[in-house]
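Whole structure, please, built from the sequences with the hints as guidance.
Protein chains: 2
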Amino acid sequence: MRETYVVGVGMTPFGRHEDKTIEDLGQEALRGALANAGLEFPAIEMAFCGHAMQGTTAGQRVINRVGNTGIPIINVENACATGSTALYQAVMAVRSGVADVALAIGFEKMGRGPIQNPAVAAARPAATPRPAGAAPMPSMFSEVFKAHSKKYGTTIEQMARVSVKNHNNASLNPRAQYGFKVTLEDVLNARMVADPLTLLMCCPTSSGAAAAIVASAEVARSCKNKPVAILASILQSERPGTPGDALHGVTEINTRAAEKAYAQAGVKPGALDLIELHDCFAIAEIVHYENLGLCARGEGGKFAEMGFGEIGGKVAVSPSGGLLAKGHPLGATGIAQVVELVEQFRGESGPRQVKGAKLGLAHCQGFGGAVTVHILTSQV
Amino acid sequence: MRETYVVGVGMTPFGRHEDKTIEDLGQEALRGALANAGLEFPAIEMAFCGHAMQGTTAGQRVINRVGNTGIPIINVENACATGSTALYQAVMAVRSGVADVALAIGFEKMGRGPIQNPAVAAARPAATPRPAGAAPMPSMFSEVFKAHSKKYGTTIEQMARVSVKNHNNASLNPRAQYGFKVTLEDVLNARMVADPLTLLMCCPTSSGAAAAIVASAEVARSCKNKPVAILASILQSERPGTPGDALHGVTEINTRAAEKAYAQAGVKPGALDLIELHDCFAIAEIVHYENLGLCARGEGGKFAEMGFGEIGGKVAVSPSGGLLAKGHPLGATGIAQVVELVEQFRGESGPRQVKGAKLGLAHCQGFGGAVTVHILTSQV
Numbered sequence: 001m002r003e004t005y006v007v008g009v010g011m012t013p014f015g016r017h018e019d020k021t022i023e024d025l026g027q028e029a030l031r032g033a034l035a036n037a038g039l040e041f042p043a044i045e046m047a048f049c050g051h052a053m054q055g056t057t058a059g060q061r062v063i064n065r066v067g068n069t070g071i072p073i074i075n076v077e078n079a080c081a082t083g084s085t086a087l088y089q090a091v092m093a094v095r096s097g098v099a100d101v102a103l104a105i106g107f108e109k110m111g112r113g114p115i116q117n118p119a120v121a122a123a124r125p126a127a128t129p130r131p132a133g134a135a136p137m138p139s140m141f142s143e144v145f146k147a148h149s150k151k152y153g154t155t156i157e158q159m160a161r162v163s164v165k166n167h168n169n170a171s172l173n174p175r176a177q178y179g180f181k182v183t184l185e186d187v188l189n190a191r192m193v194a195d196p197l198t199l200l201m202c203c204p205t206s207s208g209a210a211a212a213i214v215a216s217a218e219v220a221r222s223c224k225n226k227p228v229a230i231l232a233s234i235l236q237s238e239r240p241g242t243p244g245d246a247l248h249g250v251t252e253i254n255t256r257a258a259e260k261a262y263a264q265a266g267v268k269p270g271a272l273d274l275i276e277l278h279d280c281f282a283i284a285e286i287v288h289y290e291n292l293g294l295c296a297r298g299e300g301g302k303f304a305e306m307g308f309g310e311i312g313g314k315v316a317v318s319p320s321g322g323l324l325a326k327g328h329p330l331g332a333t334g335i336a337q338v339v340e341l342v343e344q345f346r347g348e349s350g351p352r353q354v355k356g357a358k359l360g361l362a363h364c365q366g367f368g369g370a371v372t373v374h375i376l377t378s379q380v
Numbered sequence: 001m002r003e004t005y006v007v008g009v010g011m012t013p014f015g016r017h018e019d020k021t022i023e024d025l026g027q028e029a030l031r032g033a034l035a036n037a038g039l040e041f042p043a044i045e046m047a048f049c050g051h052a053m054q055g056t057t058a059g060q061r062v063i064n065r066v067g068n069t070g071i072p073i074i075n076v077e078n079a080c081a082t083g084s085t086a087l088y089q090a091v092m093a094v095r096s097g098v099a100d101v102a103l104a105i106g107f108e109k110m111g112r113g114p115i116q117n118p119a120v121a122a123a124r125p126a127a128t129p130r131p132a133g134a135a136p137m138p139s140m141f142s143e144v145f146k147a148h149s150k151k152y153g154t155t156i157e158q159m160a161r162v163s164v165k166n167h168n169n170a171s172l173n174p175r176a177q178y179g180f181k182v183t184l185e186d187v188l189n190a191r192m193v194a195d196p197l198t199l200l201m202c203c204p205t206s207s208g209a210a211a212a213i214v215a216s217a218e219v220a221r222s223c224k225n226k227p228v229a230i231l232a233s234i235l236q237s238e239r240p241g242t243p244g245d246a247l248h249g250v251t252e253i254n255t256r257a258a259e260k261a262y263a264q265a266g267v268k269p270g271a272l273d274l275i276e277l278h279d280c281f282a283i284a285e286i287v288h289y290e291n292l293g294l295c296a297r298g299e300g301g302k303f304a305e306m307g308f309g310e311i312g313g314k315v316a317v318s319p320s321g322g323l324l325a326k327g328h329p330l331g332a333t334g335i336a337q338v339v340e341l342v343e344q345f346r347g348e349s350g351p352r353q354v355k356g357a358k359l360g361l362a363h364c365q366g367f368g369g370a371v372t373v374h375i376l377t378s379q380v
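Protein sequences, first through last, are from chains R and F. Read in my numbering, the first sequence has 76 at position 76, and its numbers run on one by one without any break. Read in my numbering, the second sequence has 129 at position 129, and its numbers run on one by one without any break.
By construction, these hints were calculated from the structure, which means they are not laboratory data. One or more hints might be untrue.
Claimed, not checked - Here are some chain R residues pointing at chain F (derived, C-beta under 10 Å): (1) Met1; (2) Glu3; (3) Asn68; (4) Pro72; (5) Ile74; (6) Val76; (7) Ala79; (8) Thr85; (9) Ala93; (10) Gly113; (11) Pro174; (12) Pro196; (13) Leu235; (14) Arg256.
What the hints assert, rightly or not - Estimated spans, in silico, between C-beta atoms of each pair: (15) R:Thr183 / F:Gly97: 51 to 57 Å; (16) R:Pro114 / F:Thr183: 52 to 58 Å; (17) F:Gly153 / R:Gly38: 48 to 54 Å; (18) F:Thr183 / R:Arg239: 17 to 23 Å.
Quick reminder that beta carbons are idealized off the backbone N, C-alpha and C, glycines included.
Below, the structure is given as structure tokens:
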């Protein structure tokens, strides 16, 4: 397995982008990543394109805007982990020696309103009783909160603190969809979506694109900006749990993927400087604190309450604003997380800079059965 | 690059399958491939799932019917080359040493009527003037016929002979969607779809599933049935041509992919015993005879007229019945081609058996920009 690096990153702002096509968005991210790496398009030997709902061969449509060199182009989908699955594949291609330079690009244009995901209902019907009239994903996470609260005493206020933190971070990120600060009261008093989850505890639907160029050590040495080493790249699918256990689907697969990633990277959770995690709903972030080993099982609520995940806390969690406030265009999300890590490592994050950031983790969960964990470092 | 083998194959009949879900179809193909290899589900280390229009994480939904071992599962799409792209990735995973056993599975449920493919119009607007009221794909191939006919004198009768051959082959294949023989007159007198392409010159929309288990040499030695070696696995994307050239999109990318495949395999076209090619329309098969080097450029029509592609001819082309008569469920097609090759090599093809079949090629073209060529052999 060869040493593998991210050598260039690019992304669009996340938002509604009513006036742009995915081709517009995708090419902006791709041109940005090429310029950031100091590479020309013909350097790319293979491309993995993440998008969940853009129709057939959308990757080709995007890439053809920038270049047509005849390389293998593969469209990839894994629900909310779509972008990070494209990254996983680009890493696999370089690590295994199939390519010296591989592109991971993700993009999505999403409408307003709940995500229509036929897999969610099919994946765990027993664990997700759906309140009448509620959208499937918020309802599922309402059940996650209730189960976590019952088992560990997690409170609505603790959950709301996640939204406050991530919105504060997003207010420092010019590419965030919702770049405004919110107070605890704002979060608690926002419109109820799936009791007790208010609108500010739910990520928006978003449009946007992100790209990362992955390369071998030899190529990395010749690139324009400091390369970032990929220490771990893990993709896992779901294993069955006990019917009716609302926590299984948001714990076991994530914990397993994280453990494999820490083992592959040879690092411990306590060594991380920053994390971009899959905070699709505020309660998810609390459960993922535990899954990623930042605290003991059941102590995620307290971790949030104590502000341990703030910039300047124990470990900066979602300094970008996360899915909750930066936004969540399914195909782009997982790659945009890595854009944040790389820029943080390079000291380019302005007012939300995590001081001395050297080791970071990116985590995505696609419901239907896909969790990715990547661990990256600038210490190479 | 390690030696890599197909060790087990399975597929459903192709047809309408109104009463079955993709999960039903997919699990049938997967269980068939496992039994054929003599492997249990936990042997699979990684899965690539091809489907073009089945919604997010359809691969997980299918695979979970058979087993949940937590392995990486990746959903893959490349229009009509979707299944073969999944195969390409499974081969890449094993060749590069990432996995010892990888699954390629493809499935699709399609409605009746023209395929809705937003990429087609976007991909080459200049080359595909669309007659009023005609569906995009038949119209595009109507233009291909007209251009080929004008340049090389290819006739409607020559094109119709492809349909007669493939229907004859399909009549010997119990898994074909349209397993009936047709005469030249039947083909010429069928309902006009896009002048001069009649209904019997166009592949149907189909439902079905196919699976192939790809493995290392060490695993292959322990499998139940004779393994088939993968000598070449190529995926290419489209390069720009001259605006208005209706032949460019069906020639250059295919020829380039075939040349790379022959080079990788170290074989020449004349050595092939059989081919499964992407006969989405009868004229496509004629152009692909030329692209694959079976005859000189412009002589595809004559190749068809002379019956050189018949079972017992120079090289058996689409003994399964091809897309035209076996059917074309996008995600499954490319893997089903390999099912045919493997069964032919093993002498299991009954009345359509190609005598002494040892070396075969599978070819798919996904419009939007993806062509795959795989070369396989039983001589190992």
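Comparing the hints with the structure gives:
no., hint, verdict
1, Met1, "holds, 8 Å"
2, Glu3, "violated, 15 Å"
3, Asn68, "holds, 5 Å"
4, Pro72, "holds, 4 Å"
5, Ile74, "holds, 6 Å"
6, Val76, "holds, 6 Å"
7, Ala79, "holds, 4 Å"
8, Thr85, "holds, 6 Å"
9, Ala93, "holds, 7 Å"
10, Gly113, "violated, 16 Å"
11, Pro174, "violated, 30 Å"
12, Pro196, "violated, 27 Å"
13, Leu235, "holds, 4 Å"
14, Arg256, "holds, 6 Å"
15, R:Thr183 / F:Gly97: 51 to 57 Å, "holds, 53 Å"
16, R:Pro114 / F:Thr183: 52 to 58 Å, "holds, 54 Å"
17, F:Gly153 / R:Gly38: 48 to 54 Å, "holds, 52 Å"
18, F:Thr183 / R:Arg239: 17 to 23 Å, "violated, 55 Å"
Hints 2, 10, 11, 12, 18, counting from the list given before, are not met by this structure.
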